[in-house]
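Asks: Residue numbers (numbering that gives the first Met the number 0), protein chains in the order written: chain W, 0 to 266; chain Y, 0 to 266; chain D, 0 to 266.
You may find that some hints are simply not true.
What the hints assert, rightly or not - In silico DSSO-like links for lysine-lysine, alpha-carbon gap of 27 angstroms or less: (1) W:261 to W:17; (2) Y:235 to W:17; (3) D:14 to W:235; (4) W:16 to W:261.
Bear in mind the hints are in silico, worked out from the structure with no lab data behind them.
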Amino acid sequence: MDVLQAVSQTLDQVKAKKPLIHQLTNFVTVNDCANVTLALGASPVMTSDPAEVEEMVSFASALVLNIGTLNGQLVESMILAGRKAAAIGVPVIFDPVGVGATALRSAAAERIIREIPLAVIRGNMSEIKTLAGINEGIRGVDSTAGQEQGEAVAQSLSKRLGCVVAITGPVDIIAQGDAVRHIENGHPLLASVTGTGCMSTALTGCCCGVANPFIGAIAGIAVMGVAGEIAQQSLKENEGLGTFRVRLIDAIGNMTTQIIQKYAKIR
Amino acid sequence: MDVLQAVSQTLDQVKAKKPLIHQLTNFVTVNDCANVTLALGASPVMTSDPAEVEEMVSFASALVLNIGTLNGQLVESMILAGRKAAAIGVPVIFDPVGVGATALRSAAAERIIREIPLAVIRGNMSEIKTLAGINEGIRGVDSTAGQEQGEAVAQSLSKRLGCVVAITGPVDIIAQGDAVRHIENGHPLLASVTGTGCMSTALTGCCCGVANPFIGAIAGIAVMGVAGEIAQQSLKENEGLGTFRVRLIDAIGNMTTQIIQKYAKIR
Amino acid sequence: MDVLQAVSQTLDQVKAKKPLIHQLTNFVTVNDCANVTLALGASPVMTSDPAEVEEMVSFASALVLNIGTLNGQLVESMILAGRKAAAIGVPVIFDPVGVGATALRSAAAERIIREIPLAVIRGNMSEIKTLAGINEGIRGVDSTAGQEQGEAVAQSLSKRLGCVVAITGPVDIIAQGDAVRHIENGHPLLASVTGTGCMSTALTGCCCGVANPFIGAIAGIAVMGVAGEIAQQSLKENEGLGTFRVRLIDAIGNMTTQIIQKYAKIR
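Chain W extracted, bound-state conformation (with noise of 0.2 angstroms):
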């Protein structure tokens, strides 16, 4: 089976389980990071409190940690979840928001790789390059070295840790050990837009909930490129960034099999 198939079946699983995602996560995007969990067709669960994350996990088919707004005790529930998810074999989806500011952000992405086996980190390309820089213990990776090194960063992480490494930009690079896709698809408004990044690790979190970690990566990245670029489209005279992100939440719940098959360009 070609890796489309595999996307267009894995978007037909979402539909057809509607699998619970649990998501610890920031406050600035979590209602459109609930709303695009939804908009696929799988169901959220955002609740991040240490004295039940445990529980809801235990129901859950995928967990997401997004590190976007951080705190003590947010850590320690994600320590929580992410144990007891582990235990039980659901997938824990990683987004180092911003790692690399800030020592807390650091500290805590150092503990979150260190504790829970991942199932997919995604990232921009300056978080997953800090990321190998404090995996090897080595800090001040060069964050702004080009996209062609981005390949090589993410394999080298992946085979370290065992888990998918994404890396979403103007071309993103999914890589899973020595296999490697990218997806050419997204626009530049999308930068725009806040909370695209954790939108597009919401998304990997409803597909690795019915589908492997690799298949699960590559069809939430590229629902999010084709979604951004059929909203892109719709936009007439005088409209702009609130409209696109309307038309991306319309895009995404409208996604089929067959859009994909048109619009992705994965290889």
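Dock chains Y and D against the given chain W, drawing on the hints supplied.
Replies: Below, chains Y and D without anything else, positioned relative to chain W:
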């Protein structure tokens, strides 16, 4: 006065009196709850710090408690605000989101029911059946039982707690003791947008700020159902969940007594 | 250079420099504040944990403090971030949401004013009058006094605190000592969407990241007023508050110096 006239009068009163509705709610849908409150003509305040909730609720016309994203401090704030509300005659509307899913939620709901005199409880079938079980000291009430049992459960819980009990679903059931009303509005798309249940509770809060709890719950839930129908009917080709959510707020903001009298199916 | 030219230059500079705007704000409107920041061309970071705010603000071009949903820890974070900002010359913009409503808010506002050198305070008439009263040690300033008193209050508070004071309302008043500007843009619908005040403060933060506080406040508030007019004028039959809010973001994202120079009524 028949129920439709009472509902119409309630909507007029919300616009005339602009009641302040204090809402201790979850961080996923809090923005939507504030916006539907404003759209109906009321005024929202969403503060939840234990240091100020008693002072704040003393200015309010209704208090909404929603346990969607619970934590220990928030439960304390809910108890403080709820006791103060009860002491000064401010009606309390309770939304037991996800009760039964975790021990934390069940314990919080039990404490709220025991310690605060409620005006209205609004939940889905599963939540209300779980509450009925908690209240009887019985765990594991069958939450999958059909719609036909809902009416009996709502009436029974209403009598036991002395408050209005509203179950929303394909057909909404609102019970005050033996008195029961059914609302046959709404659209399945409402279940694919996060927070539409929370928004129904917020609208119920607005209406309970100017009317008795039975009419308040009927009015708030009827507005959401009719707005859902109007929003769905407005969708054009390629529009979907994002646009539906925007039009839902449009429809709530544009709701008139004429529209309610034409479309509301309350029996 | 006249004020309109200075405002135009400020908007161009925001797009050219993409300043990072650190915002410690409320959980109701945080997503909207991030989105208007991006729409204007700046870059938002909304983290508020005391363990990282000092480090984060050191990368920022402006700091926004908004007490809409206050709690004890958030006040500590605001003090930490504010002191660091002051120490390194990052301008601090303060939005005293709901000050006067509770003792917690008044105490927090008093402490922020006393401990942090502010660049701009932006609030509504009632909030600014309350602040003026707190600052004079007088409680119970008449917050219902008319617009005509606003100018004197803004000038007086500006002189006493040595910062720009902006009162937004039907006619906005921006004072820096004796210098005062009025802006006659905006639309009443802005008051029916949650967070438009918070968004004005966020836009002011963006502009203060590249301009002096007086021009920054005028520019940020003028953009919101003009965008409100454009959004309202775009509404078609049956469209309402939901669509208005979307078009508001559209208009902020599509704002040009030509549009500002054509529509802004600054005197």
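Asks: Could you run down the list of hints and mark each one as holding or not?
Replies: Hints, verified against the model:
no.: 1; hint: W:261 to W:17; result: holds (24 angstroms)
no.: 2; hint: Y:235 to W:17; result: holds (26 angstroms)
no.: 3; hint: D:14 to W:235; result: holds (23 angstroms)
no.: 4; hint: W:16 to W:261; result: holds (24 angstroms)
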